[in-house]
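If you're matching them up, the sequences are chains A and B in order.
Heads up: the first sequence begins at -1 in the numbering used here, then just goes up one per residue.
Heads up: the second sequence begins at 78 in the numbering used here, then just goes up one per residue.
Hints listed in this document are in silico derivations from the structure and should not be mistaken for laboratory results.
Be a bit skeptical, because a hint or two may be false.
[Unchecked claim] Listed next, with one range per pair, are the computed distances between beta-carbon atoms:
| # | chain 1 | residue 1 | chain 2 | residue 2 | range |
| --- | --- | --- | --- | --- | --- |
| 1 | A | Glu57 | B | Lys274 | 49 to 57 Å |
| 2 | A | Ala56 | B | Ala349 | 49 to 57 Å |
| 3 | B | Asp268 | A | Ser41 | 50 to 58 Å |
| 4 | B | Arg375 | A | Gly34 | 39 to 47 Å |
[Claimed, not checked] Covered stretches of chain B, going by a simulated chain A footprint (3 or more residues, C-beta under 8 Å):
| # | segment |
| --- | --- |
| 5 | 255 to 261 |
| 6 | 293 to 307 |
| 7 | 409 to 417 |
Yeah, the Cβ is synthetic: ideal placement off N, Cα and C, and Gly gets one too.
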Amino acid sequence: MSKGSVLHAHQPKIARLYRLQWEEAQQAHVLLFPEGLVKLNASAGEILRRCDGVRTTAEIIAELEIAFAAKNLAPDVDAFLEQAVAKGWVES
Amino acid sequence: MITPPLWLVAELTYTCPLHCVFCSNPVDFAAQGPELSTADWIRVLREARALGAVQLGLTGGEPLSRKDLEELVSEAHGLGYYINLITSGAGLSEKRIKALKYAGLDHIQLSFQDSTRQMNDFLSSTRTFDLKRRAAALIKEHGFPMVMNCVVHRMNLDHVGLIIDLAADIGAEFLELANTQYYGWALLNRDQLMPDKEQLVRAEAIVAERRKSLGSRLRILFVVPDYFEGRPKRCMNGWGSTILCVNPAGTALPCQAAKMLPGMDFPSVRDASVREIWYDSAGFNRFRGEDWMPQPCRSCPERTIDLGGCRCQAYQLTGDVGATDPVCDKSPDHGIVLAAVAAAAQKPLLFRTPGNSRALIDAGPPATRGSAQ
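Next comes chain A alone, as it looks inside the complex (with noise of 0.2 Å):
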């Protein structure tokens, strides 16, 4: 996955091969599929529930920056969903 592959006009989804689910007795968000889960940590987890299809990369933003108060959450944002391309878990 080069780099600048994530485009804040895109609407990026959970993969089909991919089940997001909060976890009460984990108190996280796992993400599971074939053959493994993966324990997300909360940021983790907040990005990829609100990856739904609908909303673009520029929304999820600036969403989470409302939501925890934050500002310039652009490049992280943009870090973590260019490795959640590369490994599958996320189409954009």
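Add chain B to chain A, keeping to what the hints say.
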């Protein structure tokens, strides 16, 4: 701190129409007690889910041998599990796959024993290659994500490119090339199954090349052959850390093979709740953490990576459940593994080919090569 289980491996039955030479099922499976009932399994599913388990592997044996499979899937789906059926394909009819889809099954792992009908049918001692192809078509037709699994060893490692072709051809999204791990029947057949190092190197090169060309179309997992690695695997991601297995008779285990370990107390789900078993049983606590570790693990900087390796392998090879996994080259018992690899390095069958013929000519007169003439 004891973390909750994430993954429930439900071995529903030891019944299986196939007779694979590398099966990891216990060699005394024919003497196991009666299988858990539907109601028992439903209780196990509920209790494990309440504890935190979210991945569910339905395996065996052949889980399709259980007539209540659809009922168990339906219950598990309602509880929020992500459900994987691990099957040989034997018994997967149109009717059953529709019922499984309706019940909420998430994906299917289908085994092949080889890319060729001859070797597949030989290794499983059944005529199953064609039915596996039909099962694969059904799985795709009904929209399930599919993992193809193939156990690899001396007799099929050289087919690895063709096995990858087969996986791509049937439309699998994942291919698991599982180098044989030597437990159960595979340990009995170790001398016949162990590849040689050159074979492994060739296979790994092919896998690396095909990973590049196939990209995300087919993801290939290559389960490493630990006898050749010099370091043990992080078995089950740590004893009692992630995975809870329940065998067909109801014994709860940290891994499917652990029943073989002597002097261990593994309760039955018939007698205790999953919570008591996971948190309080002596068996599940025996190898948690680092306190149990012997030298050289205890002072080894890599102890947090491999956690001392596999307890079953340590027991099988050294007789000591608490020993360092002897596949580690720091283990004082590593010689056992080297000897096993050396003992298995038989001469391959030599086919009558012009290439082999020329190699023999170059090697000199036949007088030194056995009894010919």
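Hints, verified against the model:
1. A:Glu57 - B:Lys274: 49 to 57 Å: 54 Å, holds
2. A:Ala56 - B:Ala349: 49 to 57 Å: 53 Å, holds
3. B:Asp268 - A:Ser41: 50 to 58 Å: 51 Å, holds
4. B:Arg375 - A:Gly34: 39 to 47 Å: 30 Å, violated
5. 255 to 261: violated (count 0)
6. 293 to 307: holds (count 3)
7. 409 to 417: violated (count 0)
This entry does not satisfy hints 4, 5 and 7, going by the numbered hints stated previously.
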